[in-house]
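Visitor: The sequence shown runs 1 to 194 under full-length UniProt numbering.
Treat the hints as calculated values from the structure; they're not laboratory data.
Values in this document were obtained by computation on a predicted structure and should not be read as measured data.
A couple of the hints might just be wrong.
[Stated by the list, open to error] Estimated spans, in silico, between C-beta atoms of each pair:
1. Lys-29 <-> Asn-55: 33 to 43 angstroms
2. Gly-146 <-> Glu-88: 42 to 52 angstroms
3. Ala-124 <-> Lys-51: 20 to 30 angstroms
4. Ser-20 <-> Glu-80: 23 to 33 angstroms
5. Asn-77 <-> Asn-55: 23 to 33 angstroms
6. Ala-147 <-> Tyr-94: 41 to 51 angstroms
7. Ile-45 <-> Asp-91: 19 to 29 angstroms
8. Trp-48 <-> Leu-14: 27 to 37 angstroms
9. Lys-27 <-> Pro-58: 22 to 32 angstroms
10. Tyr-34 <-> Glu-88: 22 to 32 angstroms
11. Tyr-34 <-> Tyr-123: 23 to 33 angstroms
12. Lys-119 <-> Leu-4: 15 to 25 angstroms
13. Trp-6 <-> Asp-114: 33 to 43 angstroms
14. Trp-48 <-> Thr-128: 33 to 43 angstroms
[What the hints assert, rightly or not] Simulated pairs of lysine to aspartate or glutamate, DMTMM-like, Cα-Cα distance not exceeding 20 angstroms:
15. Lys-53 <-> Glu-110
16. Lys-51 <-> Glu-78
17. Lys-53 <-> Glu-78
Even for Gly, the Cβ is constructed at its ideal location relative to N, Cα and C.
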Amino acid sequence: DAALTWWNSQIRSLGPDAYSMAWEVLKRKIMDKYCSQGEIKKLEIKLWNLKVKGNDVPVYTECFQNLTLICTKFVANETEKIDKYVGELPDNIYGSVKPSKTKTLDETIELANDLMDQKLRTYAERQTNNKRKGANTKGNGCFECGAPGHFKRDCPKLKNKDEGNVNAQGWMYAVGNAEKKGNASWDLDFNVIM
1 DAALTWWNSQ
11 IRSLGPDAYS
21 MAWEVLKRKI
31 MDKYCSQGEI
41 KKLEIKLWNL
51 KVKGNDVPVY
61 TECFQNLTLI
71 CTKFVANETE
81 KIDKYVGELP
91 DNIYGSVKPS
101 KTKTLDETIE
111 LANDLMDQKL
121 RTYAERQTNN
131 KRKGANTKGN
141 GCFECGAPGH
151 FKRDCPKLKN
161 KDEGNVNAQG
171 WMYAVGNAEK
181 KGNASWDLDF
191 NVIM
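Could you build all of it, start to finish, from the sequences and the hints given here?
Guide: In structure tokens:
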């Protein structure tokens, strides 16, 4: 209500010229009327410290655009806006946005959003694929043929391979006593466990 009352007073005092007022002039008048220097200083500090939280580029972008409408000292022209915006992007897209040849902040924002969407999509696909690959790793499948219902030691493929091989290699352990008698070989007295 207060802003509308103020605008109506501008129309009364300026007449039809109020409607053709340049945006920068109108913005300056509104800021002079409704924004104290202390509040503007707080917003400038907020802009100076603004960073992307996590991968939330859209929230960062919205806050950045709102603050740059008011805080014109730090970002007086388009190049300064682009540099400030890009400088606080996450590392995973910064390297792709920084060297780009975008000429406007809008182009830069669009590029940053596209790159972040692509990164997040790739990450989600990778997570989905990893879940699929790991679905049968709970010990209920064969590590030889991949089929569920039996373990590697019971795999039919391995049994088929070993049927014709009666002399299959294995391990043998000896448990017992052995002592050497002079220059003779070891006198072995042991039990064999296979």
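Visitor: All hints are to be evaluated individually against the structure, with a verdict given for each.
Guide: Hints versus structure:
1. Under the hint 33 to 43 angstroms, the C-beta atoms of Lys-29 and Asn-55, about 39 angstroms apart, fit the expected range.
2. Take Gly-146 and Glu-88: their Cβ atoms lie about 47 angstroms apart, and the range 42 to 52 angstroms holds.
3. At roughly 24 angstroms, the beta-carbon separation of Ala-124 and Lys-51 lies within the given 20 to 30 angstroms, and the hint holds.
4. A beta carbon spacing of about 29 angstroms between Ser-20 and Glu-80 agrees with the range 23 to 33 angstroms that was offered as a hint.
5. Distance hint check for Asn-77 and Asn-55: the Cβ-Cβ separation is about 29 angstroms, which falls inside the suggested range of 23 to 33 angstroms.
6. The hinted range of 41 to 51 angstroms is satisfied by Ala-147 and Tyr-94, whose Cβ atoms lie roughly 47 angstroms apart.
7. Roughly 24 angstroms separates the CB atoms of Ile-45 and Asp-91, a value that falls within the hinted 19 to 29 angstroms.
8. For the pair Trp-48 and Leu-14, the beta carbons lie near 35 angstroms from each other, so the given range of 27 to 37 angstroms is met.
9. Distance hint check: the CB atoms of Lys-27 and Pro-58 are about 24 angstroms apart, consistent with the given range 22 to 32 angstroms.
10. For the pair Tyr-34 and Glu-88, the supplied restraint of 22 to 32 angstroms holds, since their beta-carbon distance comes to about 28 angstroms.
11. Against the hinted window of 23 to 33 angstroms, the Cβ-Cβ separation of Tyr-34 and Tyr-123 comes to about 43 angstroms, which falls outside the hint.
12. Checked against the hint of 15 to 25 angstroms, the pair Lys-119 and Leu-4 fails, with Cβ atoms roughly 44 angstroms apart.
13. Between Trp-6 and Asp-114, the C-beta spacing of about 40 angstroms keeps the proposed range 33 to 43 angstroms intact.
14. For the pair Trp-48 and Thr-128, the supplied restraint of 33 to 43 angstroms holds, since their beta-carbon distance comes to about 39 angstroms.
15. At most 20 angstroms may separate the alpha-carbon atoms for a hinted pair to count; Lys-53 and Glu-110 meet this at roughly 18 angstroms.
16. A distance of roughly 19 angstroms separates the Cα atoms of Lys-51 and Glu-78; the hinted pair therefore holds under the 20 angstroms criterion.
17. Between Lys-53 and Glu-78 the alpha-carbon distance is near 24 angstroms, which puts this suggested pair outside the 20 angstroms criterion.
Violated hints, listed in ascending order, are 11, 12 and 17; each of the other numbered hints is respected by the structure.
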